[in-house]
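Protein chains in written order, with our numbering: chain H, 1 to 135; chain A, 136 to 270.
No lab work stands behind these hints: they were computed from the structure.
The following label-pair restraints were derived from C-beta to C-beta distances:
| id | chain 1 | residue 1 | chain 2 | residue 2 | range |
| --- | --- | --- | --- | --- | --- |
| 1 | H | A121 | A | L233 | 55 to 61 Å |
| 2 | A | K185 | H | D76 | 25 to 31 Å |
| 3 | H | E132 | A | T206 | 37 to 43 Å |
Listed next, the in silico DSBU-like pairs over lysine-lysine satisfying Cα-Cα at most 35 Å (straight line):
| id | chain 1 | residue 1 | chain 2 | residue 2 |
| --- | --- | --- | --- | --- |
| 4 | A | K141 | H | K17 |
| 5 | A | K207 | H | K52 |
| 6 | A | K152 | A | K187 |
| 7 | A | K152 | H | K6 |
| 8 | H | K17 | A | K207 |
| 9 | H | K73 | A | K141 |
| 10 | H | K126 | A | K187 |
| 11 | H | K17 | A | K152 |
| 12 | A | K187 | H | K35 |
| 13 | A | K141 | H | K6 |
| 14 | H | K35 | A | K207 |
| 15 | A | K152 | A | K261 |
| 16 | A | K170 | H | K72 |
| 17 | A | K259 | H | K35 |
C-beta: ideal position from N, C-alpha, C; glycine also.
There are 2 protein chains.
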Amino acid sequence: MPAKTKGTNAERELVHKFWSTGWTAMRAAGSGCIKYPCPDLLVGNLNANKGKGRKLAIECKATKAIKQYLTKKEVDELQEFCRVFGAEPWIGVRFDKLDWYFLMLEDLQKTEGENYAVDIALAKRKGLLFEELII
Amino acid sequence: MPAKTKGTNAERELVHKFWSTGWTAMRAAGSGCIKYPCPDLLVGNLNANKGKGRKLAIECKATKAIKQYLTKKEVDELQEFCRVFGAEPWIGVRFDKLDWYFLMLEDLQKTEGENYAVDIALAKRKGLLFEELII
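Pulled out of the complex, with its shape left as it was, chain H reads as follows (with noise of 0.2 Å):
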């Protein structure tokens, strides 16, 4: 399966993850974005937190090797994103026959070129379960 594909699919995936579970989930539209820092998924739902709402920005990664690259562009739109629109910025990976892990970005490991990595020992220890990522 070629990697955009792939990539959305783990994508809609997360989309109907999250409405089953009273949440409202938006992916973004590849192109017309592109010069503007757009996340893949905007999530939300009022009732979460205790009833004060919740709103997460999330980058997602599907990948079939044992870690994943970030580009610091990547991370930075995010938190650029976040900081605007007023949402909590989460990496959220899966790795092959795993669950999905979300991390948060002071989570993810620097590499020496100023991007970002996470592999699937920091993803199990950092990462929250799509379960935990909601309450």
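For this one, chain H is given, so just place chain A on it according to the hints.
Okay, now just chain A, sitting in the frame of chain H:
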């Protein structure tokens, strides 16, 4: 220009307008949202509303006609999305050679078939211009 291209271009134009005034704007993916309610645009600005923040979910329509129809389903789904996500529902209409007008759902005209409509006269009387919307 095909209606779909026209609609996409109109949405992109709005995305630019929001970003250029300090808002974030996100266009929904055309596919993958089909099963679920999903606005065309989701925009937000934590600094709006005297720092309390605002989030708007906008259904966008660009038309050559003098009257734009909306189905009951479109309007109901926008309202449902907004109720769960926590956003204000708006209808954005751009008639040929005119500016965008933004209408609240309660200001739409009800048609006999339980659907909704907005013509140029109603848009001018009840609609907000972009500059008025983002205050």
